[in-house]
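Undergrad: We have chain F; now place chain Y onto it with these hints.
There are 2 protein chains.
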Amino acid sequence: MSRLSDISTKAPKELDKEKIKGETAKLVKRFDELQYLLYAESKHAVLVILQGLDASGKDGVINKVFGQLNPQGVQVTSFKAPTEEELKHDFLWRIHRHAPEKGMIQIFNRSQYEDVLVTRVHGWCDDETANKRFEAINHFEQLLTVHNNTMVFKFYLHISPEEQQARFKERLEDPRKMWKYNKRDFEEAAMWEKYMKVYEDVFQNCNVLPWTIVPADQNWYKEYVIAKEVVEALTKLDMKYPQIKEEAR
Amino acid sequence: MSRLSDISTKAPKELDKEKIKGETAKLVKRFDELQYLLYAESKHAVLVILQGLDASGKDGVINKVFGQLNPQGVQVTSFKAPTEEELKHDFLWRIHRHAPEKGMIQIFNRSQYEDVLVTRVHGWCDDETANKRFEAINHFEQLLTVHNNTMVFKFYLHISPEEQQARFKERLEDPRKMWKYNKRDFEEAAMWEKYMKVYEDVFQNCNVLPWTIVPADQNWYKEYVIAKEVVEALTKLDMKYPQIKEEAR
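Going down the list, the protein sequences come from chains F and Y.
Residues in the first sequence are numbered from 1 upward in steps of one, following full-length UniProt numbering.
Residues in the second sequence are numbered from 1 upward in steps of one, following full-length UniProt numbering.
Here chain F stands alone, though its shape is the one from the complex (with noise of 0.2 Å):
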């Protein structure tokens, strides 16, 4: 695994803007057929894992690659600090609730990993406790796949720290984005260099289900790279509309 700082974030140079634009858009609308079908056939679930430090993008990544989906075959969950009651058991029992069913899309907006990425860095959790939700995770991702035929994408949105602080500045300004803005966002910034260690850290030990670097300094290339992931290996599932068979006629 390389070092986070060694990999771009942002798009090859050669890439025209918006001829990658026309691509999403073909591909957003490729995938609302195959959303339909996963639906219809309901034998696959579809799990979409989005990580990334305060303003890399998730939210724009929801809105903009899974929001033109029929909102009937998809679902959000945003996890937030944890509550009294999401405390009192181990951490997966308030994600596996949310495991998605067959013939949905289940959009996690942060994750099962926060509690090996926020909680080690404010020293939460020590690296003992760490390595043992490694292989929890590990072992919940592979009952999700092998035991509900789960497919998971997880996603890193990759940006730059100088695209962060241009973010926050946005957010003190622009009033529309004003509401995002949070005080302690800029003391999470502040330790870049250890998130980056815990980072590389999941993607070393929680990697049975790769992930997928997003460079994520321009919207753009993001919302293209994630879509044209998730589309081409929703293609390949070769999925069917059920027949009506013959005894129901």
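Some hints could be false.
Chain copies aren't distinguished; within one or between two, either way the pair holds.
[To be verified] Straight-line distance between alpha carbons at most 27 Å, and here's what the computed DSS-like set of lysine-lysine pairs gives:
1. K64 <-> K19
2. K88 <-> K43
3. K132 <-> K43
4. K236 <-> K180
5. K183 <-> K26
6. K29 <-> K240
7. K80 <-> K102
8. K240 <-> K10
9. K43 <-> K26
10. K236 <-> K132
11. K240 <-> K88
12. K10 <-> K180
13. K80 <-> K43
14. K64 <-> K177
15. K236 <-> K88
Since the hints were derived computationally from the structure, they do not count as laboratory data.
This one's a predicted model, so the numbers in the text were calculated from it and none came from an experiment.
TA: Coordinates of chain Y only, in the frame set by chain F:
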């Protein structure tokens, strides 16, 4: 693992029924105190899994051993045939949501094990799937113990075919028990050998947390064995009532 047919379903002959009943009464009284302490300390969770064939006396155990406890600290979940929604998730999804929170005693009347028992007897689950489920169950129980400090008890109520038939007969004749009568119970009972085989397979493959085979032909002995095991294990936890913190005075 010895064959189930080699293990007695009866109390040791030398035991005195009335004396044992007196012991059980004392154990249940201690249990009540331990449960209050468990709830107050809120550091451990307790999960009691009850498995056994029809009429093996699961309901009776719940009433007699756990029925004296404060119901605020005890929850019972009976797992029946899965619903349509449950079938659209992995087989542990419906189980995990009922995992006990710290401070609580959760009783499973049937459990995740049904997915490698009744399903195998009827041929709905092949050997390969069963092996994968064994692994997932082991990981799941590990999750509860390692990540939520859960003490897991697994009891198999071991009755003889003769005792089972006698109890079925009672259900046909005793007005207070007729509601439990189900013609299908006889059909299941006819598959006795198959049930023994799949239970033996469970005891062999899911023993990371050990099973207790409870001789269950006599209710007084069954209740004693279970009460004794639970009370002794909880006693060893060495729980303490939380004191009032200085700053809270």
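Undergrad: Pop the pair K236 and K132 into one bin, within, between, both or neither, using alpha-carbon distances up to 27 Å.
TA: Only across copies: K236 and K132 sit 25 Å apart there, 34 Å inside one copy, limit 27 Å.
Undergrad: What label fits K64 with K177 when the C-alpha limit is 27 Å: within, between, both, or neither?
TA: within (17 Å within a copy, 60 Å between copies)
Undergrad: Given identical chains, is K240 near K88, meaning Cα to Cα at most 27 Å, within a copy, between copies, both, or neither?
TA: Answer is between: at 18 Å across copies they meet the 27 Å cutoff, but 43 Å inside does not.
Undergrad: Have a look at K183 and K26 and pick one of within, between, both or neither, based on CA distance no larger than 27 Å.
TA: Answer is neither: 39 Å inside a copy and 58 Å across each miss the 27 Å cutoff.
Undergrad: With 27 Å as the alpha-carbon cut-off, assign the pair K88 and K43 to within, between, both or neither.
TA: Between. Shortest inter-copy distance 9 Å satisfies the 27 Å Cα cut-off; intra-copy 34 Å does not.
Undergrad: I want to check one pair: K240 and K10. Are their C-alpha atoms no more than 27 Å apart within a copy, between two copies, both, or neither?
TA: neither (37 Å within a copy, 56 Å between copies)
Undergrad: Taking 27 Å as the upper bound on the Cα-Cα distance, should K236 and K88 be classified as within, between, both, or neither?
TA: Between copies only: 22 Å across, 41 Å inside.
Undergrad: Should K80 paired with K102 be assigned to within, between, both, or neither, using CA atoms and 27 Å as the limit?
TA: both (25 Å within a copy, 21 Å between copies)
Undergrad: Please work out whether the CA atoms of K132 and K43 approach to 27 Å or closer within one copy, between two copies, in both situations, or in neither?
TA: between (32 Å within a copy, 19 Å between copies)
Undergrad: With identical chains treated as interchangeable, where does the CA-CA distance between K29 and K240 reach 27 Å or less: within a copy, between copies, both, or neither?
TA: Intra 18 Å, inter 61 Å, cutoff 27 Å: intra-copy only.
Undergrad: How would you classify K64 and K19 at a CA-CA limit of 27 Å: within, between, both, or neither?
TA: within (17 Å within a copy, 72 Å between copies)
Undergrad: At most 27 Å between CA atoms: does that hold for K43 and K26 within a copy, between copies, both, or neither?
TA: This pair counts as within: shortest intra-copy Cα distance 25 Å, inter-copy 53 Å.
Of the numbered hints listed earlier, those contradicted by the structure are 4, 5 and 8.
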